[in-house]
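Residue-level listing of the chains:
Protein chains: 2
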Amino acid sequence: MTNPAKYHIGLVIFPDMTQLDVTGPHQVFALMPETHVHLLWKTLQPVISTEGMTILPTTTFDNCPSLDVLCVPGGAGQVDMMVDTEVLEFLKLQGKTAKYVTSVCTGSLILAAAGLLQGYRAACHWAFRDQLAMLGVEVGTERVVIDRDRITGGGVTAGIDFGLIVAAHLCGEETAKLIQLLLEYNPAPPFNVGSPENAGKVLVEQVKKLGEQLIKASLIQTKQSAKLLGV
Amino acid sequence: MTNPAKYHIGLVIFPDMTQLDVTGPHQVFALMPETHVHLLWKTLQPVISTEGMTILPTTTFDNCPSLDVLCVPGGAGQVDMMVDTEVLEFLKLQGKTAKYVTSVCTGSLILAAAGLLQGYRAACHWAFRDQLAMLGVEVGTERVVIDRDRITGGGVTAGIDFGLIVAAHLCGEETAKLIQLLLEYNPAPPFNVGSPENAGKVLVEQVKKLGEQLIKASLIQTKQSAKLLGV
Chain Z
1 MTNPAKYHIG
11 LVIFPDMTQL
21 DVTGPHQVFA
31 LMPETHVHLL
41 WKTLQPVIST
51 EGMTILPTTT
61 FDNCPSLDVL
71 CVPGGAGQVD
81 MMVDTEVLEF
91 LKLQGKTAKY
101 VTSVCTGSLI
111 LAAAGLLQGY
121 RAACHWAFRD
131 QLAMLGVEVG
141 TERVVIDRDR
151 ITGGGVTAGI
161 DFGLIVAAHL
171 CGEETAKLIQ
181 LLLEYNPAPP
191 FNVGSPENAG
201 KVLVEQVKKL
211 GEQLIKASLI
221 QTKQSAKLLG
231 V
Chain G
1 MTNPAKYHIG
11 LVIFPDMTQL
21 DVTGPHQVFA
31 LMPETHVHLL
41 WKTLQPVIST
51 EGMTILPTTT
61 FDNCPSLDVL
71 CVPGGAGQVD
81 MMVDTEVLEF
91 LKLQGKTAKY
101 VTSVCTGSLI
111 LAAAGLLQGY
121 RAACHWAFRD
131 QLAMLGVEVG
141 TERVVIDRDR
151 ITGGGVTAGI
161 DFGLIVAAHL
171 CGEETAKLIQ
181 LLLEYNPAPP
191 FNVGSPENAG
201 KVLVEQVKKL
211 GEQLIKASLI
221 QTKQSAKLLG
231 V
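Each protein sequence line maps, in turn, to chains Z and G.
Just so you know, we're using the working numbering here: the first sequence kicks off at 1 and counts up by one.
Just so you know, we're using the working numbering here: the second sequence kicks off at 1 and counts up by one.
Keep in mind that the hints were calculated from the coordinates and are not lab data.
A hint or two may mislead.
The list makes no distinction among identical chains, and a pair is therefore deemed to hold if it is satisfied within one copy or across any two copies.
As the list claims (entries may be wrong) - SDA-like, lysine to any residue: derived pairs with alpha carbons at most 20 Å apart:
1. Lys42 / Thr54
2. Lys209 / Thr175
3. Lys201 / Glu212
4. Lys223 / Leu203
5. Lys6 / Gln221
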């Protein structure tokens, strides 16, 4: 980009994040005109996702301009982020001035731990919705929840739907439609099991069993954060 | 993973790739049990996508084990990849023994340039379907095209549907369903414009105009590759 950016969007990345929480919306945001997308972390050192994908930050917290969109992804590292003072302070600071404060997946638990979602409706990965409620947030089960200047997506793949909705808010529907066609976003999931409502109890229990350790660790942290926040 | 992997999946990454072509299927593959996912390139030096995302390769071509799934993404860098001898030789070598030879988006043009899709039906990003046909490949307009051991996805976001279908082939439907629910893949596109068929002529022309330079450069290369391949 040779022109100065009209919009600055910041995606926070962190160790043990879920990479698609970041890469889905990043792909959409990168196609918005006059937009600079920042991959934010404390340093410029490589960040490794749970899946073993190493991504380089582009901008440190200290060098981050005032953001139009602040976006926080989720993933197992979320538990550590909920007590990381440097991260929480950065979110609080940018959250004061950002046009939109947003998240994907369990990123909403981090936003809530920073005190940025109390009094709002927000989305979360389905297996962590009860934990978001414990933090004093009204939980929405829509794929993308819009409440004033808070736009939050559900689990992982919701980040693409979320990204397009943010694009529509910032640049207008025509631009968002152009991006949707460019990305050929005409999904055809092979199975009808993408939400707990249509997957059925057996599959839901299997996924919860798989994620048991993380759900437990997150619950302990969520209870501590709720106490700290006084909610 | 402490156990030796049962499956080796290799995603080729390259400069000027479209990052979601890689990161979408990577997210799915990384959740497959007993699976080692490789991000492959000539060296271990960082690779920068068109969107400015820097991703580190995990494995060089020289150190790559025999793959169960070979997967090639697309993006603007595809034009250079179609004449990159080192890349084409690597694809030919792995293509001989891989259980599945696969691609997302314009990655099918690279596979075709390597001579790995002639006599097969395959998918491609909608704006490049005519170019895939010029390479002697029967073009399918489905989101994911399965023809014997070739599994190919359409444009960018098709990589998620594609990934789940590959997971079902390799690990069975129950595993693929588990991954789909874990990733909350219950898409809700904000607009009904994700394919050229439902987007309408005006939007299709706008996207083609946006991608004009790349489409032209790719066309020149495709014609040269077709001549070389004798198709």
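We went through each hint and held it up to the structure:
Taking CA atoms no more than 20 Å apart as the test, Lys42 paired with Thr54 passes in both settings, with 15 Å inside one copy and 17 Å between copies. With identical chains, the CA atoms of Lys209 and Thr175 are at most 20 Å apart between copies only, with a shortest distance of 14 Å across copies and 41 Å within one. In this assembly of identical chains, Lys201 and Glu212 lie within 20 Å of each other by CA distance solely inside one copy; the values are 16 Å within and 49 Å between copies. Within a single copy, Lys223 and Leu203 get their C-alpha atoms no closer than 27 Å, and across copies no closer than 49 Å, so neither meets the 20 Å cut-off.
Within a single copy, Lys6 and Gln221 get their C-alpha atoms no closer than 38 Å, and across copies no closer than 35 Å, so neither meets the 20 Å cut-off.
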